[in-house]
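K.L.:
Sequence:
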Amino acid sequence: MLVLILLFLATGAGDIGNIESHIIERISSATVDLQPFPHFVIDKVFPEDAYLDLLDNLPDDDEFVSPDECRFGLGLNAEGFVRLGKRKRNYWESLSSWLLSEKFMLSVSSIFYSHLKLRFFGSEEVQLKSSASLGRSKTGFLLGPHTDLPHRIITLVFYLPKTKTHLGSGTSIYKSRDPDFKCVGGPHHEFSNFYKVSTMKYLPNTVFGFFKTDQSFHGVEPWEDAQFTRDTMQYEISDPNRAAYY
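Residue numbers for the sequence shown follow my numbering, beginning at 100 and rising by one.
Be careful, since some hints might not be right.
In the EDC-like style, the derived pairs of lysine to aspartate or glutamate whose C-alpha atoms are separated by at most 16 Å in a straight line are [said to hold, decoys possible]:
hint	residue 1	residue 2
1	261	148
2	263	330
3	274	313
The hints are simulated quantities; they were obtained by calculation from the structure and are not laboratory data. What you are looking at is a predicted structure, and each value in this text was computed from that prediction instead of being measured.
Could you build all of it, start to finish, from the sequences and the hints given here?
P.N.:
This is the structure in structure tokens:
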């Protein structure tokens, strides 16, 4: 089991605790929709002032790692923190201290308890690990339908827009045109081979969460507005020792 020490900094420790409690309460209230795979959407996931503070601390483009002109990423880990200036580094280290804690991981996992039992039925020991990253996408970005990597268990995608002007740029969920098609995870598939079930609207302070299965097809469709930037924070729970799925 992943064990991390929750760091309550001398300054702002109470605020950190309040933010964590608020988010856990909001996520714990989630109603899981089972079709086409287990997922949920929650609004007002951060306290409003905390959300505005988060937006103010988003990295600049040159602080991200960028493999091309439309994809930017930054791991919320030691390697990522060193790319940030002092103020932003302190902010993200503080946020990550509870985001990557065992307490938060178990709170998120409890939402999908029945699915976890099914996925790991008969397993004597399950090693869970959490990780998180920031993502920024620009015109030209897309993600074809995919189920996520085989070791992935649960994913949360926190939407981080400032406005409600690009609702259609959220993550979409899909069903294969072949109802028997399954994918253990890894490759991205062609949009034309899937029906779009719905799009999780790209709304401020909203989180989309789902449980990975061999039919948890999701993706992001391209947009035309060259001025639009899509900011997200992704949180993942995985079992690196197994590729089990159902």
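K.L.:
State for each hint whether it applies.
P.N.:
For each hint, the structure was consulted:
no.: 1; hint: 261 / 148; result: holds, 13 Å
no.: 2; hint: 263 / 330; result: holds, 13 Å
no.: 3; hint: 274 / 313; result: holds, 11 Å
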